[in-house]
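Chemist: Read top to bottom, the protein sequences are chains A and B. For the first sequence, the numbering used here assigns the number 209 to the initial residue and increments by one for each residue that follows. For the second sequence, the numbering used here assigns the number 10 to the initial residue and increments by one for each residue that follows.
Please note that a few of the clues may not be correct.
[As the list claims (entries may be wrong)] Once the Cα atoms are required to be at most 16 Å apart in a straight line, the calculated EDC-like pairs of lysine to aspartate or glutamate come out as:
id, chain 1, residue 1, chain 2, residue 2
1, A, Lys406, A, Asp442
2, A, Lys236, A, Glu225
3, B, Lys281, A, Glu222
4, A, Lys427, A, Glu354
5, B, Lys287, A, Glu225
6, A, Lys236, A, Glu222
7, A, Lys347, A, Asp337
8, A, Lys427, A, Glu389
9, A, Lys236, A, Asp337
10, A, Lys417, A, Asp226
11, A, Lys402, A, Asp371
12, A, Lys236, A, Asp315
13, B, Lys162, A, Asp218
14, B, Lys287, A, Glu354
15, B, Lys213, B, Glu231
16, B, Lys287, A, Glu222
17, A, Lys427, A, Asp442
18, B, Lys162, A, Glu222
[Unchecked claim] The calculated label-pair distances, taken between Cβ atoms and stated as ranges, are:
id, chain 1, residue 1, chain 2, residue 2, range
19, B, Thr29, A, Arg272, 58 to 64 Å
20, A, Gly228, B, Ser320, 40 to 46 Å
21, B, Tyr133, A, His344, 56 to 62 Å
22, B, Gln154, A, Leu410, 42 to 48 Å
23, B, Thr222, A, Gly228, 19 to 25 Å
[Stated by the list, open to error] Covered stretches of chain A, going by a simulated chain B footprint (3 or more residues, C-beta under 8 Å):
id, segment
24, 224-233
25, 321-333
Keep in mind the hints are simulated off the structure, nothing from the lab. Ideal Cβ positions, reconstructed from N, Cα and C, are used throughout, including at glycine.
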Amino acid sequence: MDCNRSNIADWSYETAEDSGLRFIDRLKRCPREPDPLVYAARLLSALVIRGWLKTYNRLEISGRENLPNSGPFVLVANHSSHLDAVALMSALPLRSLHRTYPVAAKDYFCANRRRVLPAAIVANAMFFDRNESAEHSLKLCRELLEDRNEVLIVFPEGTRTVDGRVGLFRRGVGQLLAGTEYPAIPCYIGGTFKSWPKGSRLPRPARVKLSIGEARTYKSVAPDSLGVLRVCADLQNAVIALGAVSGRESVRSFSQEAYQ
Amino acid sequence: MSPSIALSNEVFRIFAVLTTSLLVIGGIIIAVVRYGFHKDVTHAWDSYRGWLVMIPVISISLFAGRAVAICFFSVIAILAFTEYARATGLHRNLVMMFTSLAGIVGIAVVVLFGDSRNGGFDNYGLFMSIPVFVSAALLLASIVQNRPEGQLKAIALSLFGFLYIGWMFGHVSFLANARNSYGYLLYLLFAVELNDVAAFVCGKLFGRRPLCTNVSPWKTREGALGAVIISALFPLAVRFALPDFSIVECIIAGLIVGVGGHLGDLSISVIKRDVGVKDMGTLIRGHGGVLDRIDSLLYSAPLFFHFARYSHGL
Numbered sequence: 209m210d211c212n213r214s215n216i217a218d219w220s221y222e223t224a225e226d227s228g229l230r231f232i233d234r235l236k237r238c239p240r241e242p243d244p245l246v247y248a249a250r251l252l253s254a255l256v257i258r259g260w261l262k263t264y265n266r267l268e269i270s271g272r273e274n275l276p277n278s279g280p281f282v283l284v285a286n287h288s289s290h291l292d293a294v295a296l297m298s299a300l301p302l303r304s305l306h307r308t309y310p311v312a313a314k315d316y317f318c319a320n321r322r323r324v325l326p327a328a329i330v331a332n333a334m335f336f337d338r339n340e341s342a343e344h345s346l347k348l349c350r351e352l353l354e355d356r357n358e359v360l361i362v363f364p365e366g367t368r369t370v371d372g373r374v375g376l377f378r379r380g381v382g383q384l385l386a387g388t389e390y391p392a393i394p395c396y397i398g399g400t401f402k403s404w405p406k407g408s409r410l411p412r413p414a415r416v417k418l419s420i421g422e423a424r425t426y427k428s429v430a431p432d433s434l435g436v437l438r439v440c441a442d443l444q445n446a447v448i449a450l451g452a453v454s455g456r457e458s459v460r461s462f463s464q465e466a467y468q
Numbered sequence: 010m011s012p013s014i015a016l017s018n019e020v021f022r023i024f025a026v027l028t029t030s031l032l033v034i035g036g037i038i039i040a041v042v043r044y045g046f047h048k049d050v051t052h053a054w055d056s057y058r059g060w061l062v063m064i065p066v067i068s069i070s071l072f073a074g075r076a077v078a079i080c081f082f083s084v085i086a087i088l089a090f091t092e093y094a095r096a097t098g099l100h101r102n103l104v105m106m107f108t109s110l111a112g113i114v115g116i117a118v119v120v121l122f123g124d125s126r127n128g129g130f131d132n133y134g135l136f137m138s139i140p141v142f143v144s145a146a147l148l149l150a151s152i153v154q155n156r157p158e159g160q161l162k163a164i165a166l167s168l169f170g171f172l173y174i175g176w177m178f179g180h181v182s183f184l185a186n187a188r189n190s191y192g193y194l195l196y197l198l199f200a201v202e203l204n205d206v207a208a209f210v211c212g213k214l215f216g217r218r219p220l221c222t223n224v225s226p227w228k229t230r231e232g233a234l235g236a237v238i239i240s241a242l243f244p245l246a247v248r249f250a251l252p253d254f255s256i257v258e259c260i261i262a263g264l265i266v267g268v269g270g271h272l273g274d275l276s277i278s279v280i281k282r283d284v285g286v287k288d289m290g291t292l293i294r295g296h297g298g299v300l301d302r303i304d305s306l307l308y309s310a311p312l313f314f315h316f317a318r319y320s321h322g323l
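Only chain A is shown next, with the shape it has when bound in the complex (with noise of 0.2 Å):
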């Protein structure tokens, strides 16, 4: 008897980690609580989505071969616009929409609601940190890599180019992949500047083309300082390589003087 009732004590409940926390507050932490209403809400506004880039912005997309089928990995992108984001979730296949992680800056996102919600909910955004607590928020990642086998979105320059020119890779996602065998992905999207660039307010109807290329590792290349800067500049090269290829004469490539 006493047996039976130690069992039915033992049940345990693992209560959401962020109770207790309101909605906003949820939405800016990583990895977030499932939540049926937003898995409900990016799944229809995946839908939307997909069907406006195709029509609106006449996505085209090459080399989704190159995709694994399964986390982790990460797409390594350049970055002028905030369409770049859902553009390249909607390369992916939904199943793996609440799994797939844009990584995207703390300080600008998380400054009011109006982009918080959007960011969390529709692009199920990962906030990273880019002053203080970098080195956390870098955890972060490896542990959605290693521990969750996410998918993530990486924009190594950082910001949205002004220009419309692929910018310098900063180190961060050198960091994040010199040592590790996550294959790295890197992607050009062309036309998203011309869409809707940073500072314009509704997106225009211009083509838009992503190029996704082969993945590689940096599994032998050693996290070090230098080994950090090797991956950036490797994957520079690939992105704008691709850009390259892709047509676009608005790629040029970056000088190498920055690394040495």
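Chain B: place on chain A using the hints.
Modeler: For chain B alone, coordinates are given in the frame of chain A:
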């Protein structure tokens, strides 16, 4: 129920005036205590601010008509179920979650489209048998996933949550189909909240002996008794809302709300204590979650529903 009927309905108009004046009086009292006596009213103000949002939302959805009211109650049930799931850890099992939520949507559909007085089908039997289909669907979900591990726990949590939060609260939606829908709904909602307030006030004034310490440490026997007495007498004061009820039936309806309200409050406290959370959610500032707000209603709604249906038909 529709906006034009609501405007010409005496019960709706009286309750609208009543709640508005209570809100105004409450605001004046808080203002007087704050600025006249310089007391700290943060707690009362938080709770009052919650009511400032809740009362208009409820009134507008009841005013807008039957369909809006039923959808509103279903949204409340979905939010409350989600809070329950987050507290028990069920939220991580998305298949069970969506099956239970589909059951709640199913309740809304059954209530919405089965208006037997306006030529719809008689939905009472179907409404009462919904748990059968949801039990079957939950087991089916495990079978389809081909996954036996931990399923009984997930099914048990989902089914209880659905029964208690989805289905029992669904009785409130069903009251929107009644002949005297405004009377029943407004009486029930108002009486349940009055019961909560009365228990709080009586407990503050006369509370000595604790009621049920392990479940809810701040409830007192005096508070509960006082609230039950006030609730039992309340229907006599609003007999216009329950025109068919005799005096004895009014008192029974009051006792149902008085006793049921307390039991509902304590029931959610049992769940909260066992799981180990303080509040079920954070949606309504000053009140906790949706589930913390509707806890008393969950228990008393089906009791009142069946009493009204048994004694006068809906």
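Chemist: Can you give the numbers of the hints that this structure goes against, from lowest to highest?
Modeler: Of the numbered hints given earlier, those the structure breaks are 1, 6, 10, 14, 25, listed in rising order.
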